[in-house]
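A.B. asks: One-letter residues, chain by chain:
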Amino acid sequence: MTFKRRVYKGIGITGRKSSGRLHFINNKSIDSSDKTAINVGAELIKLENARKKAIENVWTIEKNAREKIGHSEAQIFEIHAMLLEDEDLNDAIENKIKGGKSVEKAINEASEEYASMLLDIGDEYLSARASDIRDIASQLINALCDNTKNSKKTDTEPYILVANDLTPSQTVMLDKEQILGFVTALGTPSSHTAILARAMNIPAIVGAGEIDKLYDGSFCLLDSLKGEIIINPTEEEIEEFNKEKDKQSKIAIEHERYLRSIMNKPAVTGSGHKIMIYANVGDVTEIEPALSNGCEGIGLLRSEFLYLSKSTYPTEAQLFSVYKDIAEKMDGRRVIIRTLDIGADKKADYFNLENEENPALGLRGIRLCLERTDVFKTQIRAILRASYYGRVAIMIPMICCEDEIIKTKELIEKCKAELRNESLMFDEKIEIGIMIETPASAIMSDRLSKHVNFFSVGTNDLAQYTLAVDRQNSKVSNLCEQNYEPILRLIEMSAKAIKKKGGWIGICGEMAADLSLTQSFASMGIDELSVSTPYLLGVRGKVSECK
Amino acid sequence: MKSFTFTIKDKNGLHARPAGVISATSKGFLAKITIKCKEKEADGKRLLSVMALGAKCGQALEFEIEGKDEEEALSALKSVCEEKLGNDI
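The listed protein sequences correspond, in order, to chains A and B.
Sequential numbering of the first sequence, starting at 585, is according to my numbering.
Sequential numbering of the second sequence, starting at 70, is according to my numbering.
It is possible that some hints are incorrect.
Claimed, not checked - Computed beta-carbon distance windows for the label pairs: (1) B/S148 to A/I1027: 22 to 32 Å; (2) A/N679 to B/E140: 52 to 62 Å; (3) B/E131 to A/H655: 28 to 38 Å; (4) A/R956 to B/E131: 27 to 37 Å; (5) A/D704 to B/L99: 28 to 38 Å; (6) B/E108 to A/L703: 52 to 62 Å; (7) B/S148 to A/R956: 51 to 61 Å.
What the hints assert, rightly or not - In silico SDA-like links for lysine to any residue, alpha-carbon gap of 20 Å or less: (8) B/K109 to A/L703; (9) B/K125 to B/F73; (10) B/K80 to A/N942; (11) B/K78 to A/D707; (12) A/K1013 to A/G1087; (13) B/K109 to A/K1013; (14) B/K125 to A/E708; (15) B/K105 to A/K1080; (16) B/K109 to A/N942; (17) B/K105 to A/K636; (18) A/K636 to A/K652; (19) A/K593 to A/E912; (20) B/K78 to A/K1013; (21) A/K652 to A/M784; (22) B/K96 to A/I639; (23) B/K80 to A/S711; (24) B/K105 to A/F935; (25) B/K80 to A/D707; (26) B/K125 to A/G706; (27) B/K78 to A/D672; (28) A/K636 to A/K647.
Since the hints were derived computationally from the structure, they do not count as laboratory data.
For each residue, glycine too, the CB sits at the ideal point set by N, CA and C.
Here chain B stands alone, though its shape is the one from the complex (with noise of 0.2 Å):
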């Protein structure tokens, strides 16, 4: 299993087009993937429960990814997660 920490910097938080674009890119795997915000859990693959974390700008999220792909998978969310929540203000 793979694991890292990403810690929100976008002002708008997890919002939908993020949301949108970490379900996609989790879709595009065969691993399992978790996103943990605070005491929430949230199947990567799902967006509305992606959305339903509620992240804001400032929390921490713990994605665990598990299976074949989970090298290529890890390396695709943290670009993801710095492109589209990486901007502070």
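The following block holds chain A by itself, in its conformation from the complex (with noise of 0.2 Å):
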């Protein structure tokens, strides 16, 4: 361990900001040198069982792959069994065997070829497979010592995992407690490992070049927004770094017990405006804790997830009795649910969606759903028939133009007259509304307003399309930070347009957790803010300091 400042800089994955000690892993843990005597036969019997064995641990990684992060990124784990069954590997282990090499020798060279030959091709996307090779012959490594927690280290305090690289199957079983955050020397973006920490939120940074064991123990700050590690940091820049981390943390302790002591009271600024406090809610199982912090309602339902978790696409009955039992939760108060918000960077492999260079640009939103009027259609019916159980409302994401609603409302008309002719229940009075998120929509907010009874903000989107900026792309990501005032006009206008011809706005962005714009909010009249759980409180505190 050594005390002087060094910074590394790689690539940062999830955005989020860590500080703690660094632990090096070694992946090349296993001793492979050569044994005088081996006993070719016996190897390859220690072979053979390693194989089964690594086959089973793969599946029940996969399995809880499945179920911490979803199918999609589960997939890999099902072509790791398949590698594990290749002959061409398989072969070139047994060869290595047979021309007298231990079986650990035998599977590291083996492997090692493989991914070389990967690596020459040439190809970003092959050459990440690279590490997939080298995943599972360390899981055959693994299996054959029986050796299957070789990356664990407990009964320490949580630290920030330093690897040269981490296999996908590593970075699923990291513990989420012990981890801090990881750094690795090697790794790309479009790496299954980056992938996965993006899904499971852990704070990241891959391709940051090897980094000097020395500094094993050392204390660093993390930020995988900027993609920068500070070993060893000078006083200044942990007080700026701790400063930053805690803006939210600190509001959590430091009010909790007083927002909790006004958890059930509306939210109402000092001049008189009410703001509704809604939850955002992507899952069923959020809506009791989003309730029992006080949320008013939810102002964003993420339906798809109904969709990714499937393999074919969800039926009405089931669509409707998942709707029909949150509406029911929801106990009167409202639930918006946000029509389906599917594209090519967020889709199922059912929708047979093709590819695109521009996703966020591409066939998204309600452009798919109009496409694709029969899967609409069955989500719209089964809205309807749920609203009949509680205070639905349906919200319409990526409105760019007067047309796309007039024909979403079309669609809805056609429903609602199928449910009747069926003798099915629903809400007559159901409020339409359409999320403000392209600038187009800003723009155009006087016209679209006509046809609405709300609006809502969806302040990710639109700051992504208004300032030109790709949030995911660490380079230039920084640049949404602090250039609010774009957006901020944008969203003036539309709450002037919609509450000119009678309907209410909300904002469901992340921007409405953020309490530095609160005021700004309430003094455009902003009838409702839908913020994460985690957020629910402090919100309601800041509006009741407003003006």
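With the hints in hand, could you dock these two chains into one complex?
C.D. replies: Dropping the structure here:
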């Protein structure tokens, strides 16, 4: 361990910050030195047993990944199982054993040969697969040694893990209680490890280059937004870092008791303007926690979860039963269901969507729904039927023009007519709203407002499209951070437009939870702020402090 | 012997997942299945060998299928290619 300050730069993955001591793990922990006398028959049997066990383990990991983070991320482990069964790789290992090498050495050498073969093709995607080959090789070796917990370090304080490279299976099996974040020397943003880290929301930096082993145990600041690790930072750097990191947690600790005491009171500003505090929810299990933090409604139910977790289109009955359940649990409070917002960047395989150069500007949201009207109608019917059991509203994403609303409303009317014919109950006065998340929708809000009961501003996409900044791109994402004015102007424009027509407006993007903006929103007359559950109390408290 | 040529339209090329589906499909048939791409050649039943073709978007895969069930293998592989690699941008 050394106390010299040093900065490493790599590619940030989750945009989160973390600090703690570095802990190096060595991927090549297995001694693969040649043993003198090799019994070829015995080594081959060891290999066969290890292979069976490794395949079994891979399916366990696959199940784990599927449950923790979803089907599409788990698919890589199916490929791992196939690789373990691959005849070329197995032949190569067996031939090496027959040539007098120990099974460990044979596995290491054969997998390295195939990994470098994939690297040599010079294709970024296939190069990333080289780590999959290494992953299955280390699993084979672990199975051989009955050593499935090689990278675990327990009974210590949580740490930031440093590795040459992490395999996807190591990433999924990381203990989130124990790991504050990780840094890898190799890896790219398109490697599965990076994708999984993103899905698991672990602060991570990949491609940081080799970090000097002298720093094992040193304290560091990891900023995965900047893609920067500062080892042995100065006092000022720590202070600055903690200040930013604490911004949110401080509020939670200091004000929590006070906030709990006002949890069930309406959020009203000093001048008497009432703001409804709603929750963003992506799953049925999030309803209870939201209610116990005083949410007055659901401002954004991301309906994708019922689609992305499945291997085929959900039926109307399945959708209806979940929506009905949520409507009933919310017990008369408003539940705004955003219709399917799926696109090339967020897709379920069975939709058979084409890959797109620019998914953010592609066939997504309402654009896709209006192309696949059969899928869309199934969802609309389910939402309408659920509206009988509570106070449900429909919200349409990615609107750019009047025509899209008119077409959607026609579909809704068609569905209503069908339901009436079938004597199925629904709320005849169900509210219809649109997301304001494209600059076009804000600019045209005076026209769009004629057609709907409410607007809800999706600030994440609105900022991305207005500022021309891809928030996933660490080189530019900081440009989104302080440049609020253009977005605020668009929100104000939309608020004026909808209020003129007697409607109401809410905000459901990340900006809704930014307490430095609450006063601006209150002044514009925003009627509802919808935030994820951890921010509910803080936002309610802030509104009551507003003028 | 049966053969067909398929040009990859998926921008990621013949990456791990479609290669996995092609080799899994191939394994279901008795026929010998050879895939050629540029000067490289792969055994269709072997995943690594198929992946190692490194076939990219716009390149042609030539399938040669020989054996009792070549007819069925041909149509199965054709539809797999179409489904997994036929989506252009």
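A.B. asks: Now tell me if each hint is right for this structure.
C.D. replies: Cross-check of the supplied hints:
1. B/S148 to A/I1027: 22 to 32 Å: violated (46 Å)
2. A/N679 to B/E140: 52 to 62 Å: At roughly 35 Å between Cβ atoms, B/E140 and A/N679 fall outside 52 to 62 Å, so the hint is violated.
3. B/E131 to A/H655: 28 to 38 Å: Holds, since B/E131 and A/H655 (Cβ atoms, about 33 Å apart) stay within the stated range.
4. A/R956 to B/E131: 27 to 37 Å: For A/R956 and B/E131 the Cβ distance comes to about 35 Å; the hint holds.
5. A/D704 to B/L99: 28 to 38 Å: holds (33 Å)
6. B/E108 to A/L703: 52 to 62 Å: violated (19 Å)
7. B/S148 to A/R956: 51 to 61 Å: violated (21 Å)
8. B/K109 to A/L703: Holds - the C-alpha atoms of A/L703 and B/K109 are around 16 Å apart, at most 20 Å.
9. B/K125 to B/F73: Since the Cα atoms of B/K125 and B/F73 sit roughly 18 Å apart, the hinted pair holds (cutoff 20 Å).
10. B/K80 to A/N942: Holds, at roughly 12 Å.
11. B/K78 to A/D707: holds (16 Å)
12. A/K1013 to A/G1087: Within the cut-off at roughly 14 Å; holds.
13. B/K109 to A/K1013: violated (64 Å)
14. B/K125 to A/E708: holds (11 Å)
15. B/K105 to A/K1080: violated (63 Å)
16. B/K109 to A/N942: The hint is violated at about 32 Å.
17. B/K105 to A/K636: violated (32 Å)
18. A/K636 to A/K652: Answer violated: A/K636 to A/K652 is near 25 Å, above 20 Å.
19. A/K593 to A/E912: violated (50 Å)
20. B/K78 to A/K1013: violated (47 Å)
21. A/K652 to A/M784: Judged against 20 Å, a Cα distance of about 8 Å means the pair holds.
22. B/K96 to A/I639: holds (18 Å)
23. B/K80 to A/S711: holds (16 Å)
24. B/K105 to A/F935: Distance ~30 Å between B/K105 and A/F935 Cα, so the pair is violated.
25. B/K80 to A/D707: holds (12 Å)
26. B/K125 to A/G706: holds (11 Å)
27. B/K78 to A/D672: violated (27 Å)
28. A/K636 to A/K647: Measuring from Cα to Cα gives roughly 17 Å; hence the hint holds.
When held up to the earlier numbered hints, the structure conflicts with 1, 2, 6, 7, 13, 15, 16, 17, 18, 19, 20, 24, 27 and fits the remainder.
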